[in-house]
Amino acid sequence: GDGTQSSGAITGIAPEARLYMQATEVWTDWTTYVENNYGYTDDYTLMGIPDDLRYMFDDAADNGSHIHTNSWGSSVAGQYTTSSMQTDYSARNHSGMLILFSAGNSGVDGNSNGEIDDDSLGAPATSKNVLTVGASENDRGSQISTEWGHWWPGSFPTDPINSDKMANNTQGMAAFSSRGPV
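The sequence shown lines up with residues 1 to 182 when you count with our numbering.
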């Protein structure tokens, strides 16, 4: 998963670092009833995330973690949720541990004004005491020369975002990256 790739990068940068892995994505073997009535198929899902996130953060802190990265969340249109509250509690309770969350991938131009809409953060990225990280563009314009609107015309229907190159500005935020309030 994403954690395996990230941990390899961290080990390369900080070879003395001790990594503590927590599995949130687990194999889910649905019952026949669920498969037949809800259309689910056996697959890896985020069912390893505890109902109360404080247990997960307590476990990491008890094992000496100082940085806790999370590339998952739920699409809640910027709402502060129970998981946001649990994460805030943990960030305050474990002041020596920095908790990071990805902003999410829900960035769209829903009102067709050519700009990505505000308030698309996922939870628990909406927590007040975490570092929320959005996706950025890169500088590979010669390798990725298409525009956002070419691949996702429904999400990015109008200029200027429609014709914005996907990879030509290291200072630019990726169009799909979720946004917070202004």
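FYI, nobody ran anything at the bench for these hints, they're computed from the structure. All C-beta atoms in this analysis are idealised placements derived from N, C-alpha and C, irrespective of residue type, glycine included. You may find that some hints are simply not true.
Claimed, not checked - Ranges between beta-carbon positions, derived for each pair:
no., residue 1, residue 2, range
1, Val133, Glu25, 13 to 21 Å
2, Ser75, Pro50, 14 to 22 Å
3, Thr32, Ser112, 39 to 47 Å
4, Pro160, Pro181, 39 to 47 Å
5, Asn105, Asp29, 23 to 31 Å
6, Thr81, Asn169, 28 to 36 Å
7, Arg140, Asp58, 18 to 26 Å
8, Asn37, Ala17, 28 to 36 Å
9, Arg54, Pro15, 37 to 45 Å
10, Gly110, Pro50, 18 to 26 Å
11, Pro15, Leu100, 40 to 48 Å
12, Arg92, Lys165, 39 to 47 Å
13, Ser95, Lys165, 35 to 43 Å
- [ ] Would you pick out the hints that fail for this structure and give their numbers low to high?
- [x] Failing hints, ascending: 4, 7, 8, 9, 10, 11.
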